[in-house]
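Hey, can you work out the whole structure from these sequences and the hints?
2 protein chains.
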Amino acid sequence: MRIDCLQYANWSEKIFRQMRAGGVDAVHVTIAYHETFRETVANFEQWNRWFEQYPDLIMKGQWASDIDVARKTGRTAIFFGFQNPSPMEDDIGLVEILHTLGARFMQLTYNNQSLLATGCYEAEDSGVTRMGRQVIKEMNRVGLVVDMSHSADRSTIEAADISQRPIAITHANPHVWSPALRNKKDDVIRAVTANGGMFGFSLYPHHLKGKSDCSVTDFCEMIARTADTFGVQNLGIGTDLCQDQPDSIVEWMRVGRWTKEIDYGEGSASNAGFPPMPHWFQDNRDFGNIESGLKAVGMSEAEVAAIMGSNWYRFFKDNFGAGAVA
Amino acid sequence: MRIDCLQYANWSEKIFRQMRAGGVDAVHVTIAYHETFRETVANFEQWNRWFEQYPDLIMKGQWASDIDVARKTGRTAIFFGFQNPSPMEDDIGLVEILHTLGARFMQLTYNNQSLLATGCYEAEDSGVTRMGRQVIKEMNRVGLVVDMSHSADRSTIEAADISQRPIAITHANPHVWSPALRNKKDDVIRAVTANGGMFGFSLYPHHLKGKSDCSVTDFCEMIARTADTFGVQNLGIGTDLCQDQPDSIVEWMRVGRWTKEIDYGEGSASNAGFPPMPHWFQDNRDFGNIESGLKAVGMSEAEVAAIMGSNWYRFFKDNFGAGAVA
Chain Y
1 MRIDCLQYAN
11 WSEKIFRQMR
21 AGGVDAVHVT
31 IAYHETFRET
41 VANFEQWNRW
51 FEQYPDLIMK
61 GQWASDIDVA
71 RKTGRTAIFF
81 GFQNPSPMED
91 DIGLVEILHT
101 LGARFMQLTY
111 NNQSLLATGC
121 YEAEDSGVTR
131 MGRQVIKEMN
141 RVGLVVDMSH
151 SADRSTIEAA
161 DISQRPIAIT
171 HANPHVWSPA
181 LRNKKDDVIR
191 AVTANGGMFG
201 FSLYPHHLKG
211 KSDCSVTDFC
221 EMIARTADTF
231 GVQNLGIGTD
241 LCQDQPDSIV
251 EWMRVGRWTK
261 EIDYGEGSAS
271 NAGFPPMPHW
281 FQDNRDFGNI
291 ESGLKAVGMS
301 EAEVAAIMGS
311 NWYRFFKDNF
321 GAGAVA
Chain D
1 MRIDCLQYAN
11 WSEKIFRQMR
21 AGGVDAVHVT
31 IAYHETFRET
41 VANFEQWNRW
51 FEQYPDLIMK
61 GQWASDIDVA
71 RKTGRTAIFF
81 GFQNPSPMED
91 DIGLVEILHT
101 LGARFMQLTY
111 NNQSLLATGC
121 YEAEDSGVTR
131 MGRQVIKEMN
141 RVGLVVDMSH
151 SADRSTIEAA
161 DISQRPIAIT
171 HANPHVWSPA
181 LRNKKDDVIR
191 AVTANGGMFG
201 FSLYPHHLKG
211 KSDCSVTDFC
221 EMIARTADTF
231 GVQNLGIGTD
241 LCQDQPDSIV
251 EWMRVGRWTK
261 EIDYGEGSAS
271 NAGFPPMPHW
281 FQDNRDFGNI
291 ESGLKAVGMS
301 EAEVAAIMGS
311 NWYRFFKDNF
321 GAGAVA
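Protein sequence lines, in the order shown, are assigned to chains Y and D. Reminder that position 314 of the first sequence reads as 314 in my numbering, one-by-one numbering, no gaps. Reminder that position 245 of the second sequence reads as 245 in my numbering, one-by-one numbering, no gaps.
Errors might be hidden in some of the hints.
Repeated chains share a single entry, so a pair holds when one copy, or any two copies, can fit it.
Stated by the list, open to error - Capping the alpha-carbon separation at 27 Å, the derived lysine-lysine pairs in DSS-like fashion look like this: (1) Lys317 to Lys60; (2) Lys209 to Lys60; (3) Lys14 to Lys317; (4) Lys211 to Lys295; (5) Lys72 to Lys14; (6) Lys72 to Lys60; (7) Lys185 to Lys137; (8) Lys295 to Lys260; (9) Lys60 to Lys137.
Just so you know, the hints here were simulated from the structure itself, not pulled from any lab data.
Okay, structure coming up:
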């Protein structure tokens, strides 16, 4: 089973066919960075159109059992998430509405301070806000997973503790391996995984040691060492694949409508666009390279299967439905 | 089984308890008259709050099978509908979004011309529009039932013919019995029922012969005669109960935001508010009066059961899911 817990590609029939060629059973796709509720609904609408248009390649994913259906019918199940809480605006009632429409992951922040918590680019991290506590409780109730990939350390640790259900960092790497601002320090990874949460390894070059030149062996060695430290059961893949996107999209991701000035995020003025992906992970057909890389660094069949998909499957199964909340 | 296919009450625990006392298994409730998409979503949110608050009395209804669950657990299943296409605005993609959120009936017009068809108060009825044809097709595809209760005759007959699935007039009475503008002429009722569509009898006094003074015998006699003419299998109840509403609400229903002038609709300057309900149908506890009334005018047990609920049950079962569209 292969599950990728983060992609934001410029979707097309080509990419859906590559998912099939790569044996990808499920993908968590981002449908909002800075979108309002209404704009996010338009993105759900666009996906409904694709489901209608490519019924042999993709299907809407709402529950882990949809992955079983997808596998039986040779399709990829598409699960939805937001990189920012902007789709819920300032209205806690929208948490359940968005879950009903199919949202399964929501980041509490995207780099900046939000109504809910602090993003990883802020100078000060004041932790989870008053509204943030209420929203985490509501997300727990309906089965919308808290994702802290772009959040600051204190906010992430607090969210892992406040949440009555496991949370996730869908796409990042350990800071100890590659000290990017977006990569996560050990105490952050521990706070998330110790509570049953998931950590997804990213292929986005700015998160890799050596960036685009990172080798598959280096990447897989890092995964094996992370499994030694935190346990293999809470680790998976979240490639952050942004295939076929024009550079205007990385600018939208970085500046949205919150500033009139350019902000280069993990890039720089001289390297403002999407960085080239490593040669061994260009698109959805390349998951086999990660799988064989993990075996090559000495992980067992069962460990490799856990990382490649069955951990996310278990996590989806436990965390997308309504939950009893204390 | 008792199903009421139209209510728009000022919802409260009191009314939910009356539904239980009256043995009402399912109610189609109106959640939009003139609301935009976002305002309609706020109304879905309000119902989510009520489902959370009164889990022993009510539950969200999406499929006929939810009525079975409601009956087994002693609750009333609440199904959602709109009296106007305003929630979908000018965006056909919202048809599926609204269905996903739980909408199961949508009127193509509310008294006035809409983007889709002509309402019953317009001087000219130009029939189903270009967009209306597209929207009917999309409603057929996803399982959102076309309701023509407040539409003009030609538009209704055209909609019944264009639609690949049965349509409904959820709440009205035969014009031949009481010649109100909102009541339906025989050719309209025939167009709807001949294609397997449903006709729901209204208790709204402006639709009754003798208005608030109409007797239960007169009402039930009318039902029996309608069954003689059109067949009992396509008839049900849609009371149009607007319990506990202030008169400001009937004004909202009539004028929305489409005019600055007052429009009295079926009322008049001297009788502008909600008319008093007949003494034998004051609230949800009074469905037994209709049931015994139907028996008293000579309908069989099976015919009475069909009218009181099992016809709507069959219709819900056949028409709320995705459909194959030519």
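- Please flag the earlier hints that this structure goes against, numbers listed from lowest up. 2, 3, 8
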